[in-house]
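Participant: With positions in the sequence shown counted from 1, the corresponding number in the working numbering is that position plus 1.
The hints are simulated quantities; they were obtained by calculation from the structure and are not laboratory data.
Fair warning: this is a prediction, and the values are worked out from it, not measured in the lab.
Careful, some of the hints might be misleading.
Here are the simulated DSS-like pairs of lysine-lysine, each with C-alpha atoms no more than 30 Å apart in a straight line [stated by the list, open to error]:
id	residue 1	residue 2
1	Lys100	Lys86
2	Lys56	Lys14
3	Lys14	Lys164
4	Lys56	Lys164
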Amino acid sequence: VVSIGADDTDYVKAGQLLVKLDPADARVALDQAEAQLAQTVREVRTLFANNSTLKAQVSLRSADLARAQADAARAQDDVNRAVGKEEFQHANAQLAAAKSTVAAAQAAVVAAQEQLAASQTQTEGTSVEQHPNVQRAAARVREAYLAVQRAQLVAPLDGHVAKRGVQVGQRVQAGAPL
């Protein structure tokens with residue numbers, strides 16, 4: 002308690018300051034909550050931005066797959082046209098390499114699509130402001146703001162102070178009668 006605005010038997014009006022508590026801890030908690038809200042907003046914006054990056058990755062991997070499939074088709078044509086045994090073996094080796102490149106490219110496309118799907122589940126059907134993480138951080142800011150506001154206890158209505166049960170410098174717990 003840092004100050005007391007009324008004593009026993011004093012008449013007070015509604016809204017008059019009765020007891021002022023030290024707001025330092027509550028202000029620090031409010032500053033921390035505001036900083037956490039800002040950090041959360043940045044993280045959620047990054048989630049939304051990652052969707053675009055991951056879509057580009059899917060497109061890139063799909064292009065790589067198309068190129069690998071074209072190379073495999075060309076290698077298959079070379080095998081079909083091979084005349085000599087050595088030429089046939091060489092073309093077959095190139096075809097096998099091309100097929101493994103196609104398989105790797107297909108796996109890369111699937112992986113990129115899965116990453117995109119996972120990222121989209123974090124942002125689907127919401128905006129930055131409505132994202133649950135941002136809402137939770139905003140609620141903590143409101144809670145901390147209320148704690149700062151509650152550092153000043155005011156009379157709820159006009160009347161006389163029946164009994165003051167607190168002294169300046171006293172530490173009080175939440176819910177303690179003052």
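Participant: Now tell me, hint by hint, if it's right for this structure.
Facilitator: Verification of the supplied hints:
1. Lys100 / Lys86: 21 Å, holds
2. Lys56 / Lys14: 63 Å, violated
3. Lys14 / Lys164: The given pair, whose Cα atoms are some 16 Å apart, holds under the 30 Å limit.
4. Lys56 / Lys164: 68 Å, violated
Violated hints for the displayed structure, listed by number in ascending order: 2, 4.
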